[in-house]
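Residue numbers (the numbering used here), protein chains in the order written: chain S, 14 to 516; chain R, 10 to 350; chain P, 13 to 351.
Heads up, a few of these hints could be off.
[Claimed, not checked] No farther apart than 27 Å at their CA atoms in a straight line, the calculated lysine-lysine pairs in the DSSO-like style are these:
| no. | chain 1 | residue 1 | chain 2 | residue 2 |
| --- | --- | --- | --- | --- |
| 1 | R | K209 | S | K127 |
| 2 | S | K235 | S | K217 |
| 3 | P | K239 | S | K384 |
| 4 | P | K27 | S | K65 |
| 5 | P | K27 | R | K133 |
No wet-lab data here; the hints were simulated from the structure.
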Amino acid sequence: MVEKLEKLLVVKDISKSYVGVQALDKVSLSINRGEILCLVGENGSGKSTLIKIIAGVVKADEGEIIINGKKFESLHAIDSISEGIQVIYQDLSLFPNLSIAENISLNQMIERKKRFISWKEIKNIAEREFSNISKELDLDEKVENISIANKQLVAICRALTQDAKLIIMDEPTTAITKREIDCLFSVILDLKKRGISTLFVSHKLSEVLQISEKVTVIRDGKLVGVYNTEEMDHDALSFHMSGKKIVDSVFDYQEKERQKEPLLEVKNLSKKGNFQNINFKIRSGEIVGITGILGSGRTELALSLFGLNRPDSGEIYIDGKLAKIKSPRDAIDLGLSYLPEDRLNQGLFIKQSIGNNIVVTILQRLLNRFKLFDNNKKYEAAKEWIEELNIVTTALETAAQALSGGNQQRVVIAKWLATHPKVFILDGPTVGIDVASKSNIHNIIKRLANQGIGVIIISDEIPEIIRNCNRIIVIREGKIIKKVNINEVTEAKLLDMLSKKSN
Amino acid sequence: MVKNNRSFRIQKLLKQNELYLFLVIIIYSVFITSRNSSFLSLENLFDLSKSSAGMGIMAIGVFIVLLSGGIDISFTAIAISGQYIAANVLIASGVDNIFFAFFISCLVGVALGAINGLLISQFKIPTLITTLGTASVFHGALLTIVGTKAINSAQLPDCFKAFGAKYVLILTKPNGVNYGLSIFIIIFIVLALLTWLILKYTMLGRGIYAIGGDINAAERSGFNVAKIQFFIYCYVGFLAGIAGVLHISLIRYSNPTYIVGTELSVIAAVVLGGTRITGGSGTIVGTIMGVAMVTILNNSLILLGLSSYWHNFFVGLIIIISVSITSYQSKRSIGNIVFRR
Amino acid sequence: MGRYYLLGKYSKHSKTLTLFIIMISVFIVISIFLPGKFLTIRNFQSMFSQIPEFGLLAIAVMLAMLTGGIDLSIVATANLAGIVAALILTKFTFPQIGGYEELFTIILAIASALAVSLICGFLNGILIAYVGVPAILATLGTMGLFSGIAIIITKGYGIIGFPEKFLFIGSGTILLIPVPMVIFIFCALAAVLILNKTTFGFSVYMLGSNPISARFSGISNENILIKTYMMSGLFAGLASIIMISRVNSIREGYGSVYLLQAILVCVLGGVDPSGGSGSISGLIMGIITLQVLQSGFNILSFSPFFKKVIWGLILVLVMVINFYSAKLSQKSIKRLKTN
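Work out the full structure: start from the sequences and follow the hints.
In structure tokens:
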């Protein structure tokens, strides 16, 4: 057989279930040689599971996997790798203490079962691959000292050294700036020229539309369809991704008898390297969205408001009074709450009970006359919020790690609501949460606003911003570039603002 | 295009902690010599190198363990076990051969190290508590099974004494007394070189760095983490065995309660040399300089008239100061506050 | 449904139950094999007299472990505190205050011991919380520092001969209970109260569970860490007073075997070395188990070296068992997780 096989990878009717959850239900996918395919779906749609199955890390319950024309009954990771499939996971799996050259070349050394190291060879391999990227980097620099975008390039180079035929990138653009995304895309196009396929997994529609040739959409574990990108647009994709049944109502800001005094006012806040001259106000009952790609300074700004990132200059006013926030405790006492991005590592105490997780912020209120904990008060407080937020659990003592993602997030929200905040900053509140819970949490947020809390949502998911905010602040590279009301903008316009090349 | 210019390399050199340690050693040595001129004499230096070779060899072992992100405090128990058992075996069997002594001691060392290696590589238990336990088991077993009787110079096989007196370079003082550079230092240099070669030029060595950097990434990259960890602790045992023989040859005496208790000094030397306890970073050169510094410090106390009572105090102080400097430097970034402890 | 409830309460209670069973079994086994010498009042009195000082040290180590750290300097701290108190008791003479000089000397000695131990704990706290030194290294360094100071002060010699009234602490009884035991019970109860019923105690557990989340939740990590290590120091200081009055002497290095044993009973008693969980009740059961074993070994005239082997073995064994039980519980959690 002399003809080159066109189809590099074909998976047919893949199903996978975990106890109680059908992660994938008869999903099929195929990718041609040199093709750029995007796998698209909301968080929790089953994308990651599919990737892991293709990589041979997880075994499917049913279905066929055919790589390079070969059928695999049971795919192991080593098979996948030797067939040329390389996965770059979100955490990149690089060695921070080793040089770029080593990170790129070591895997190949292991594969070749080498015992000894020739530094010349390591350098050659690295230089060869890196020259394609044509970036100016010292290959002897330790990986821990370079930017995330560069780390990504190193990870790609590493994948390429192993004679990859298909590179799967899992959400590669969450942590890099627009300019760096463009660079990444040019690399992907270059790969195409070399006959290497790319499977680009993402939920960021603008990027999907920019780079891909075909799009495979999955939702709730099922295949929705395969489309040519040129026939797709943002709304259509969005519709396919989220499905019709959940249509969030747009947030209705009730201006009426709200106090005119802003709950939170930020004046000229600056911090070198993070953000500059930030000015904005939040009024009672508002939901303000702060959006911009990661790297734009939004989380750094939020941390400054919360006492974890002291600004160089500027002022913060809460309820009209100048606020001195030196620690999270100060912020909490002044009525600020912050829901961190990383629910598992920054928000929860996973081995502790749900009850403990909820009351940790309001310890002072649970004391009796002798300054000792009153168990009843603790029980009541926790119970109140479990009911209020519909957290699915049977006992307060259950460890937080036993809950699903959506419920875990609700626990963290409960923890903050227990402090009766005036201003609630939520950073990426629905990342990694299934679609139903997402809508649920959005409703909770809207309810909070209607009760008078000033809410800030930090997010890079445009649909989330559009459906939940009455005002939007766009940040790029540390500066506010636009402030708009919700009625002044559409999803497409917002996307445009975010992706505009900086002048 | 890849950066590769001279000024950049000089910049990098200046950032190395090892350079500053080197300067501190020089300055301190000058200071001591000004107070007591016998410090920088060749005789004293030869003497120091002989007596510190054993600690240096153990320090190499501790260095590798720290590189991999672990810690081992049982190495002193292993060293004395190797020593005492070797001495007893030699006496009992009548074989008076130094190579045989090394063989026995290293065998014991590797065997005990292998126990550590198995526990740590198979069970993922915290290395500190594990080696705390095995140290107790090893030392207790030695004293129980082999005995507690000290072996004095008269009972000691001659090979040890001969080995202790072996010099590679002999000089004569004006009054006719000979002094020389002991073979111990050669052994130390050879082992340091061997370790350096392993770390720099073998996959095993890079694997050690990789594990110390990110153990999960190492697994995913295909490194056989369990095997590498097993090797590390066996190697420490091997080094401890050698150090044990050096020690007995040095003091011409074997008491099974010796060596144990000196863990602090060895760890201090390694930490002083810039090796981080979190793993993944450190150099042989740094370790050697750390050993040099601790040795010089110890020696200077005596020369300055301070009794040896001050030893623990200074060792503790060295650990605290040098670790404080490195820890404080890395603590300042926001990444550390928000994303790590 | 009921499964969730059981999972939460069960794992905590099952640990305590297992511990209790182990403790009782060990007691029964030793009693059966050595009835004559073990089940005597004299033996029980001897066990009772050793538990307090060791128990206080164990609590001190537990506190550090709860925060996810460890305190290797605990024995050195106790030693130094004891030496300072001993020096005052033997060398210091109060000016005449109408017959109360001895009492004042004793009070001064005790206060000094506690002050020294608090300072030691404070130093540990500062290094770990503010400078950011990992607990292992910080306390390894301070261990050297404190023992070094002790050596410099005593030059290796012991200090003996304390006033009669002081020895009451070590050998007297209050309502038939030995004074050290009274002190220990009191301190243990105080620790239980602090850990379970105060905001400080709650924060300690949360910080040990996840220091990052703790910071985000408004807990002042630095504050809690310093207080924890100071409390550790205080317990070590209290232990030292009992120690020196019990044996009427002190010398540098005394009690060094306690460190391994303290860590052993912590691990045995269910304290997680990575932080966030552990209880005084579990610890006490571990202490009792250890003491019973120790007593059995003494009766059987085990050499101190052989005992070393056994303690080491038990420590390693407990860690391995913990590894397997953690693996099992992770599997069951994965199975129960639903959307």
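Structure-based check of all given hints:
Between K209/R and K127/S, the direct Cα distance comes to roughly 14 Å. Compliance with the 27 Å bound is thereby established for this hinted pair. Distance hint between K235/S and K217/S is fulfilled; the C-alpha atoms sit about 19 Å from each other, no more than 27 Å. Straight-line distance between C-alpha atoms of K239/P and K384/S comes to about 17 Å, which keeps the hinted pair within the 27 Å bound. Our distance criterion of 27 Å between C-alpha atoms is broken by K27/P and K65/S, whose separation comes to about 36 Å.
Only pairs whose Cα atoms come within 27 Å are accepted, and K27/P paired with K133/R is accepted, the gap being roughly 21 Å.
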